[in-house]
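Below, each chain spelled out in residue letters.
Number of protein chains: 2
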Amino acid sequence: MAKEPKVALIPLGGLGEIGKNMMAVRYGENILLVDCGLMFPEEEMLGIDVVIPDITYLLENKEQLCGIVLTHGHEDHIGALPYLARQLDVPVYGTKLTLGLLQGKLKEQGLSETVDLRVVRPRDEIWIGPFRVELIRVSHSIPDAVALAIHTPVGVLVHTGDFKIDHTPVDGEVTDFFRLAQLGEKGVLVLMSDSTNVERPGYTPSERVVGQTFDETFRHARERIIIATFASNIHRLQQAIIAAHQYGRKVAVVGRSMVNVLSIAHELGYLYIPDGTLVELEEANRLPKNKVVFLSTGSQGEPMSALTRMAWGDHRQVEILPGDTVIISAAPIPGNEKLVARVIDLLFKKGAHVIYENVSGIHVSGHPSQEELKLMINLVKPKFFVPIHGEYRMLRKHAELAQAMGIPPGNIFVAENGQVLEFTRRSGRVAGRVTAGRVLVDGLGVGDVGNIVLRDRRQLSQDGILIVVVTISRDSGLVMAGPDIVSRGFVYVRESEKLLEEAREKVKDALDKCNEQGLSEWGAIKSQVRETLGKFLYEKTRRRPMVLPIIMEV
Amino acid sequence: MAKEPKVALIPLGGLGEIGKNMMAVRYGENILLVDCGLMFPEEEMLGIDVVIPDITYLLENKEQLCGIVLTHGHEDHIGALPYLARQLDVPVYGTKLTLGLLQGKLKEQGLSETVDLRVVRPRDEIWIGPFRVELIRVSHSIPDAVALAIHTPVGVLVHTGDFKIDHTPVDGEVTDFFRLAQLGEKGVLVLMSDSTNVERPGYTPSERVVGQTFDETFRHARERIIIATFASNIHRLQQAIIAAHQYGRKVAVVGRSMVNVLSIAHELGYLYIPDGTLVELEEANRLPKNKVVFLSTGSQGEPMSALTRMAWGDHRQVEILPGDTVIISAAPIPGNEKLVARVIDLLFKKGAHVIYENVSGIHVSGHPSQEELKLMINLVKPKFFVPIHGEYRMLRKHAELAQAMGIPPGNIFVAENGQVLEFTRRSGRVAGRVTAGRVLVDGLGVGDVGNIVLRDRRQLSQDGILIVVVTISRDSGLVMAGPDIVSRGFVYVRESEKLLEEAREKVKDALDKCNEQGLSEWGAIKSQVRETLGKFLYEKTRRRPMVLPIIMEV
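Residue numbers (the working numbering), protein chains in the order written: chain A, 1 to 554; chain B, 1 to 554.
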């Protein structure tokens with residue numbers, strides 16, 4: 001009997017977490033990669049800049065990798081490529097804007113020449129190894145987003161990317177219902193669908209709603225308007241620019257990523273800017289107050305962003321003036337709530353009129369709510385269902401939703417990153433596991449900060465460090481200098497001289513005791529010092545700073 | 001002309017922040033203090049346990065302080081007393097439960113004998129110095145909460161405390177509308193009112209709604225039920241206990257603060273527990289799965305709390321089993337969203353059925369929404385209005401709401417902590433400022449961690465530390481030992497030996513250069529080392545660890 005053909009889905013990111021989306025599709029000796037995103041560090045990942053997927057599995061099977069296809073240009077779908085493109089070294093496919101934004105990032109890393117980028121239009125089909133891949137237009141909070149149909153000898157796999165159902169998209173590019181429905185009619189083996197908003201009932205409102213709110217706000221504003229939003233939400237920038245134009249205002253752009261994205265989107269034809277609308281910041285500052293709009297970064301309250309600097313009054317070019325209307329056109333990403341709240345408070349204190357989440361229609365999500373998820377399932381009518389993109393509870397909710405719509409529970413797979421989901425034409429199963437995980441990026445270091453370093457940073461951040469240095473004679477074993485104690489992040493030294501002096505005495509005693517006991521092994525002496533001092537400090541302060549004994553030998 | 005009598009409100013906490021509520025009321029040479037709360041540290045206050053108000057002003061005027069009156073027993077209203085009671089050293093007034101909870105805290109600190117606690121019943125009047133103070137029943141998320149009417153020769157001041165309008169409170173103790181209205185009818189000089197929920201339109205639902213949700217959940221649950229909520233929400237514990245009793249389940253209590261509060265509330269008669277309902281954990285674990293309910297701490301995903309430990313599978317006594325129903329009956333406090341989400345995810349992974357914010361009616365707020373705030377203003381009909389308890393934007397919103405109801409803008413004061421608001425019978429004004437602020441508590445240290453220590457902790461937490469030790473001859477200036485480099489929280493040393501060796505060489509070069517230049521002043525040598533090494537490390541790693549040179553002299 002001939003072996004039944006099999007196709008495997010191997011999530012390397014995007015399951016049980018938000019961000020770092022990456023899915024490997026394997027057929028025979030061929031691997032196609034969908035997306036290559038990064039995520040931003042969790043709170044406990046101290047000092048970490050970004051988190052990228054562990055690609056051990058891909059590197060171990062490098063000769064099998066035949067290409068990477070991107071669904072859209074958000075960081076959590078393309079952001080790891082600047083770190084990994086050189087190692088992966090295969091062509092990268094995507095729509096024009098997606099690759100344009102990627103190219104911008106690659107340029108910053110000096111990698112623009114090294115990656116083979118291939119622009120594909122929606123409905124075009126491309127062959128990547130044995131995979132026939134088709135890009136299918138969907139709506140999202142960035143233009144030129146697509147779902148994928150991956151045709152394999154086993155069956156068709158549909159990967160939604162990130163999507164929403166927007167019946168009145170700003171660029172007029174409606175989700176390609178026909179293709180999705182046609183694929184469904186012909187038969188789809190597996191649907192992988194975006195779970196981010198599965199907890200929300202109903203429908204996600206159209207992006208146009210925000211345009212209406214802008215219009216309303218512009219109509220009433222008598223002085224300057226400052227809009228903070230995600231740089232990549234080009235539809236929203238478009239609506240702000242149109243509103244500005246209609247109400248006779250000029251537009252100035254603040255914040256590096258806003259300037260970059262706006263120029264790429266404009267250059268590639270994704271943004272219409274009426275002639276003469278865009279002005280430099282200097283000019284904007286000279287215009288009458290009712291003639292200007294600033295588009296700014298900082299909608300998440302990020303400490304170094306333009307809006308946050310304005311709020312603190314230390315932005316070099318833009319100052320918040322009483323009477324300014326500040327629109328924060330975004331919802332705080334989980335974890336950023338307090339940062340955003342602080343910026344709002346500071347803006348209020350400067351006398352600005354702040355419009356934020358409290359006004360409905362100032363932001364809409366780019367992800368599908370429950371009714372949209374149901375529509376996707378009914379369009380695609382898959383045999384098997386794999387919820388993707390979301391924390392674990394969301395994947396579970398999405399599975400329940402699919403089951404409630406009639407997909408048998410045995411055909412639904414709530415997987416973890418690294419699990420291999422193997423499908424034949426008739427069956428699906430979990431078939432083992434490959435290496436998957438997180439790689440932490442800190443500055444230029446990729447993966448050199450692990451648990452030990454993070455644990456140390458954690459301890460240092462809580463109670464600081466005490467360094468005990470003593471110079472000991474190699475010959476006599478006698479103390480030649482010290483013990484000296486230096487502390488950082490523990491107590492303010494000038495006000496705690498007595499405590500530190502007592503600590504020094506404790507160390508001396510410990511050293512004397514070591515000497516009496518004839519202890520000469522450094523490790524033993526150090527742990528004696530560490531223990532004595534740690535105990536003393538805890539008794540006195542109820543804190544546990546890191547105690548680091550250093551012995552110098554002369 | 002006789003001097004017009006004046007009363008001053010001096011907020012020492014609770015304005016522009018959530019928590020740390022404290023208001024001084026001054027008449028002549030007398031100060032009455034309302035509440036004495038703590039707040040939990042902001043994210044950037046690394047290693048800090050709690051934040052209490054700066055009481056410099058009160059200590060400078062200690063002989064004027066005649067008493068402290070508490071509105072209710074939440075941490076943000078009573079929690080600073082264990083730190084400050086000894087210094088303030090005046091009688092503390094409050095309702096029975098409020099003082100019972102405070103006494104529990106004082107006991108833990110060995111202070112139960114040192115504080116003069118005086119129980120007052122609602123509608124009773126007490127004289128505290130020249131102030132006639134009346135406690136007025138209000139609803140809140142803890143029983144025995146009161147507003148205050150402070151009668152002064154200048155006029156009546158009404159302080160709402162924290163409140164909500166609950167027409168069907170669990171304990172039947174309805175807000176004393178009559179007294180509030182009667183005071184309003186006779187004339188109130190100033191109303192200070194809770195701004196926490198001013199951004200929410202409409203009404204806050206009754207606590208009973210949660211009881212109905214419990215009932216519904218209990219009716220359907222076939223296995224164990226675990227409810228996590230705030231220990232102090234005794235109404236909610238009551239409803240859980242009643243539901244358990246009705247559905248034939250026993251109740252076991254998990255988590256230290258839950259055990260403490262439950263026993264105090266029960267002892268003081270604020271909690272009805274049907275005979276035989278409460279069981280020990282060991283017994284609960286032996287009962288059939290459909291016969292038990294656990295009441296647990298951890299509704300905020302606090303890392304060391306009972307529920308979080310259960311979710312990670314390292315609670316010693318309670319294990320999450322597949323089929324358990326876990327109810328998280330709380331909304332995440334801003335800043336805790338990600339902690340809570342992680343616990344939910346872990347519970348899902350253990351196969352529990354988790355009911356959280358996604359289910360309406362699983363939690364209601366204890367603070368008043370806009371319509372309730374309006375009712376308070378219309379009951380009390382104050383001449384002057386001071387919004388309290390909230391971030392700055394909320395105070396502003398509350399001021400706008402009061403203005404929209406007809407209070408003239410000149411009679412509304414959005415103040416900052418430390419500002420003195422002075423009122424005569426006819427006028428109000430900001431009359432200067434006293435010392436106010438935050439004191440950070442870390443372990444036993446109250447106020448010994450300031451900006452420098454926090455800045456160091458911040459730097460240590462981001463990129464760690466490199467310590468460079470060198471022993472130099474006092475006589476010759478020659479290097480006798482070292483330079484040795486020790487790092488923590490920077491890179492994992494075993495994998496970065498080459499980098500650290502290069503760093504050592506850089507330090508050697510720097511020391512040689514100092515020698516050549518005849519530099520012998522330690523400060524100069526140290527800064528040379530710090531600069532050279534800092535630059536080298538930044539080039540190599542794009543990180544900025546703390547560089548700490550230590551020179552030992554022999």
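The set of hints was computed from the structure by calculation and includes no laboratory data. Please note: incorrect hints may appear among the correct ones.
Note that identical chains are pooled: a pair holds if it fits in a single copy or bridges any two copies.
Claimed, not checked - Taking lysine to any residue pairs in the SDA-like style, the calculated list, with each CA pair at most 20 Å apart, reads: (1) K338 / M45; (2) K540 / E63; (3) K526 / I377; (4) K535 / I264; (5) K383 / T277; (6) K508 / C66; (7) K338 / P303; (8) K540 / E497; (9) K338 / E302; (10) K338 / Q370; (11) K338 / Q109.
Numbers of the earlier hints that this structure fails to satisfy, in rising order: Numbers 2, 3, 4, 5, 6, 10 and 11 - these are the hints that the structure violates, sorted from lowest upward.
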